[in-house]
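Novice: Given only the sequences and the hints, what does the whole structure look like? Please build it.
So that you can map any letter, position 172 of the sequence shown is 175 in our numbering, and since no number is skipped, the others follow by simple counting.
No lab work stands behind these hints: they were computed from the structure.
Hints are supplied without guarantee of correctness; some may be wrong.
Claimed, not checked - Derived DEER-like restraints, expressed as beta-carbon distance ranges:
| hint | residue 1 | residue 2 | range |
| --- | --- | --- | --- |
| 1 | Ile-70 | Gln-97 | 15 to 25 Å |
| 2 | Asp-26 | Glu-173 | 47 to 57 Å |
| 3 | Gly-177 | Glu-24 | 51 to 61 Å |
| 4 | Gln-107 | Gln-65 | 23 to 33 Å |
Note that beta-carbon positions come from the ideal geometry of N, C-alpha and C, so glycine has one too.
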Amino acid sequence: MLYQLAEAEEALQKALALHKETDNILEQAEDLGILGEKIYIRRGQLKKAEKVLQKALELNNQAQNAIDHAKFLGRLGYLYTLSDQLEKAEKALQEALDLDKQNQDVLGQAKDLDILGYLYMQRNQLEEAEKAFGEALELTKEAQYVPDQTFALGNLGDIYIRRDQLEEAEKALGEVLELSKETQN
4 MLYQLAEAEE
14 ALQKALALHK
24 ETDNILEQAE
34 DLGILGEKIY
44 IRRGQLKKAE
54 KVLQKALELN
64 NQAQNAIDHA
74 KFLGRLGYLY
84 TLSDQLEKAE
94 KALQEALDLD
104 KQNQDVLGQA
114 KDLDILGYLY
124 MQRNQLEEAE
134 KAFGEALELT
144 KEAQYVPDQT
154 FALGNLGDIY
164 IRRDQLEEAE
174 KALGEVLELS
184 KETQN
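Specialist: Written as structure tokens, this is what we have:
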């Protein structure tokens, strides 16, 4: 996987250079966003990821691209959650969620809520986490997007295990298994 990440990074750096040459700010922002989220975070290079994601957000703002603003804030919120900067994470994710609601981006809202749920779990705020994952689950059902349904259900199962609500955990995790089987068929 490390080799593939190195290849992906090289390809993204080439794309970034081309987009700089053509002064395509939106594509530069997207290249940097992918570099930060998909390469540097996966490698655990969180400081580098933060620098790149901040630059992506700046470029996106410079291009006045309101639609993708939420996506870039969500990426930063995810990074801040992983690097235990929970106040910054919550602020970025709430702002992303508000923008995704304005833009009627159902899957964007679900992703924001999933990350907020994870943040609340880190704080041991299980009620808030359960609410966030529950809302994310409803949104992904509405959008009929199974991969994120399984993610939300798995996290709900984890909350139920932490609370020793084993019947609820078994039900949620059983749904994950069923959905996973359905998607493989």
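Novice: Mind checking the hinted window 51 to 61 Å against the Cβ distance between Gly-177 and Glu-24?
Specialist: Hint holds: Cβ distance 53 Å, inside 51 to 61 Å.
Novice: Measuring from beta carbon to beta carbon, are Asp-26 and Glu-173 in 47 to 57 Å?
Specialist: 56 Å, holds
Novice: Evaluate the given range 23 to 33 Å for the C-beta pair formed by Gln-107 and Gln-65.
Specialist: Once the Cβ atoms are compared, 25 Å apart, the range 23 to 33 Å for Gln-65 and Gln-107 holds.
Novice: Taking the CB of Ile-70 and the CB of Gln-97, does the distance hold inside 15 to 25 Å?
Specialist: 18 Å, holds
This entry satisfies every hint, going by the numbered hints stated previously.
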